[in-house]
Every structure is written in structure tokens, then in C-alpha cells.
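Trainee: One-letter residues, chain by chain:
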Amino acid sequence: MYPEEYRYSKDHEWIKVEGDLGTIGITDFAQKQMGDVVYVEMPDIGTELGHHQTIGVIESVKAVSDIYSPTAGEVVEVNEDLNKSPELVNEDPHGKGWIIKIKIKKSSEVEKMMSYSDYEKFLSGLDE
Amino acid sequence: MKKTRLHSCHEKLDAKMIEFFGWHLPVEYSGIMEEHMAVRQKAGLFDVSHMGEIFVKGDQALDLVQYLTPNNAAKLGPGKAQYSVLTTPNGTFVDDLLVYFLNDQEYLLVVNASNVEKDYAWIFGHAEHFDVTVENKSVEYSQMALQGPAAEKILRGLTDVAIEELKVFQYKMGQVAGEEALVSRTGYTGEDGFEIYTMSETPHKIWDAVLESGKHYGCLPIGLGARDTLRLEACLMLYGNDIDETTTVLEAGLRWLIKFKKGDFLGRDKLLKQKEEGINKKIVGFEIVERGIARPHYPVYIKGEKISEVKSGTYSPFLKKSIGLTYLPVEYAEEGTEIAIEIRGKKVNAVVVPMPFYKRHED
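As you go down the protein sequences, you meet chains A and B in turn. Counting in the numbering used here, the first sequence runs without a single skipped number right up to 128 at its last residue. Counting in the numbering used here, the second sequence runs without a single skipped number right up to 363 at its last residue.
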């Protein structure tokens, strides 16, 4: 379910690291909580994001949720497909539903994030 | 938290549950979009047992109902119900409701869950001058709504009630899935459909039978999330959002239900005066022409000036647009008026459009 090579935050974002590039999205757990996503508000390319800073907003039919950057970096790409097909966040949250790509500032911040197994443990703790 | 008698059905279906005015209720099962479209195109079943059932009985039952509501309850007769409201002396809303004529000594008032205690106190308070008894039987009643174009086909095989004979706002008593029930052709979705009231302690027999028979027609269980998007597309008012004790029945566009000629009722003088002098503000529907979703309380601007706030607002699953309701000064209430909604600090363009947003094709 949760890709082994990704890192996860307590706010239910994931990051996939390739070199100094990080792809960020929300987890399957988060998309299920939100329900049908109808609009994703993304930052401008070039925006400098701090650790835990708001990247943007996901609107589902019933609620508005902030998305946070799990680590500091500069936005280099946003997922333009979400403008036309926001439902990708529901359908493929760990793949085609990615939200932004950033140039990672501090890889040490990413290393402190949860592994997939820690995240799964974290989720089972939330259920109790 | 209060649980309806159908609570275990929702758990079995793995519904996402929320608290709603003290009740533990399903907000969605398979997803708001899918549920919404099922009701528009096929059918959907709702547990609305949280709604309140207040009975007014006695020689002056009609007199009290007539005094508390602006619609003409004297027009009701056997098997008939009507939409109405409870008005304050100012012509504003205590609540909106359905009034069922049970017999000439007894009326059933179906009110919002959020207002049951307030309404009961209100009705009881006015009842002392009338020869009536007022009883709140909300906890004894379960209520289900079966809505959508396939509703009649699904229900027909489960009941001895001649539902095909029912016109809108008519009801009959009978059995549904072996349980004693009142079945009315009413609803809160803009579709054809039925509401089923029962005092049975095993209402899940109805719930299960409808879902089982409905499977073939694509009937789904529907949560509060889609209930809200469905009613908003159809511009059916929600107490607390669109109507409350600060808005009058005329401002809310419900002129049609006020029957000034029927005699005195609470708020009549104020409403008559307002009708003669004209209203200053009026409810309007709008749709956002850019991106973003209007939510309740977001500020509304005209020509840069904050003028109102969003009452109800959502993404419309049927129209695939962001829609909402607000009150505007009458001079701005015309279709085509350009307004702006402030969404997280940014002003987003919207336009006043005709109400309702969605109207089904009558067959």
C-alpha cells in the first residue's frame, strides 16, 4: 500500500527523493479522510517553502484541507494534470496524484521523516 | 451521542460517521460524488431518523397549526402534507417543516434535528391558549428517505401501499417490508421519491429490504454529505445556513407559502408590511466563474465593497461547478450581477444565476 522508498509526515504527506529533487503528495489515508477531491490549489513555481509551510489547499466536496511541505525547498514543478483532473489525488495518491516537486534544501530533514513501516504503525495508532 | 435505530446498518456498510447536532450519523459511504449521482440518475436511501416528529392533538389542533405557520393547513385533508415554516412575530424563521394531516384532531410536524427542542418549546409555549396536547415523539420514530428516478420501482415490490397513486405531498399508511409505516411522496433532493416513517423497533428490515431490492437499480446508501449537495442544487433551504431568525420568509423567496388571506398567524403583520413596502434583501443563487469553492460565511463583495456572506456553498457534483446562496440588496439581486467571493484572502469572480441550480425533467 505505502511505497517503501517514500518518506512520510505526521500530516499525511509523502515525499519521494531522487537526487536533490523531491516529489510531494498526500497519502492514501489522507485522501480517504478528505473524500472526493474537486480542486487543488498549488503554489507558483519558484516559491521558497519552509519546513512545514503551507504548500496549498485541497478542496473536497465537504471540506478544505491545507497541505504542508514536509521539508524546505524551492518549488520546481506543479502537477498541472490536477487542474483538469483533481480526482487523481483520490485515484492514485502515491503516483499520478502527486502535487509538487521541490529542490530539497536539507536532506537531513527528509531523513528524519517516517519510513513506510513507521507510518503504517503511526496510522494504526490513530485508529485506536 | 445519540444513535438512530439504523446505526448498526451504517457500521456494517463501513460508513464514515460524524457528529451532527448530537447524533452519530453517516456522512458518506462510497463517496459524495458517487452517492449524489446515484440519487440523480438511479436511487439512494437515506437514514434521516434524526429528524424530529412533533404531534399536535386535540379539538384546536388545526387552529394552533394555523397560528404557528403561514401556509394554509386548512387546505390539508386525509393523506395530505405540506411544506411550511414556523414563524416568529417578526416573520423570520423558527424552523421549516412538513405538516401532515393525520385526522382533524391530529397533525404531525416534521422538524429539523437541530431544532427539535427549540421547536417543541416554541409550539408548547403557544399551545396554552389552545385546546391541544403537544407531544415530541422524535426518539420513537425512525425515518428513511428513498429518492431518485428508480425510487417508485424499488419500493413498489416491498409495500402494500399503493405508492403509484401518491402525488407529491400525499401519503398513505401501510406496511413496508412487513413493518407498519407512513409513506409520503416527499423529499429533500429535488428528485422524485418517498419518505418512510416508522415506529418499528426493527426498521433495519426496511433499510435492508430497500437496499437489497434496489441493488438491481443501482440504489446506494446516501450520507449527509450528498444530502447537502443534493438539496443545495435543488435550492431547498437549510435552516441555520440559508434561513434563520434573522431572515424573513419573503427575503428567503418563499412568498408562495404565505397565505395572507387565511387569517391571523404569527408574523403576519410584519410580513404583510414587508410585502407592501418591499424587501431590502433577497436570497440569490450564484456560481463561481473562476476556480475555487464558496463555503458558508465567506465574504461576498460587489464592486469592491463587502456586502454579504455566503450562506450555503459547495461544489455541485451534477453541474460540476461551484455554487452557493447568499442574500443581496434587491438592486443587486438580478441574474447576471457580477459579485466576488473572498476565498482565503483572494477575491474570486462569481455571477448571480437563476434558482434552482438543478431542476429535474418531469416525466
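It should be emphasised that the hints constitute simulated quantities derived from the structure, not laboratory data. Take these hints with a grain of salt, some might be off.
What the hints assert, rightly or not - Cross-link-like lysine-lysine pairs, in silico, DSS-like; alpha carbons within 27 angstroms at most:
{"no.": "1", "chain 1": "A", "residue 1": "Lys106", "chain 2": "A", "residue 2": "Lys32"}
{"no.": "2", "chain 1": "B", "residue 1": "Lys346", "chain 2": "B", "residue 2": "Lys282"}
{"no.": "3", "chain 1": "A", "residue 1": "Lys32", "chain 2": "B", "residue 2": "Lys282"}
{"no.": "4", "chain 1": "A", "residue 1": "Lys121", "chain 2": "B", "residue 2": "Lys346"}
{"no.": "5", "chain 1": "B", "residue 1": "Lys42", "chain 2": "B", "residue 2": "Lys16"}
{"no.": "6", "chain 1": "B", "residue 1": "Lys3", "chain 2": "A", "residue 2": "Lys10"}
{"no.": "7", "chain 1": "B", "residue 1": "Lys321", "chain 2": "A", "residue 2": "Lys103"}
Trainee: Against each hint, give a clear statement of whether it holds in the structure.
Mentor: These are the hints, each one checked on the structure:
For the suggested pair A:Lys106 and A:Lys32, the alpha carbons sit about 30 angstroms apart, so the restraint of at most 27 angstroms is broken. Of the supplied pair hints, the one linking B:Lys346 and B:Lys282 holds, its CA atoms being roughly 25 angstroms apart against a limit of 27 angstroms. The straight-line distance between the Cα atoms of A:Lys32 and B:Lys282 is roughly 38 angstroms, outside the 27 angstroms bound, and the hint therefore fails. At roughly 39 angstroms between alpha-carbon atoms, A:Lys121 and B:Lys346 are farther apart than 27 angstroms, so this suggested pair is violated.
Between B:Lys42 and B:Lys16 the CA atoms are separated by roughly 22 angstroms; this keeps the pair inside 27 angstroms, and the hint holds. Pair hint B:Lys3 plus A:Lys10 does not hold up; C-alpha atoms about 32 angstroms apart against a cutoff of 27 angstroms. This hinted pair does not check out: B:Lys321 and A:Lys103 have alpha carbons roughly 35 angstroms apart, beyond 27 angstroms.
Hints 1, 3, 4, 6, 7 from the earlier list are contradicted by this structure; the remaining hints agree with it.
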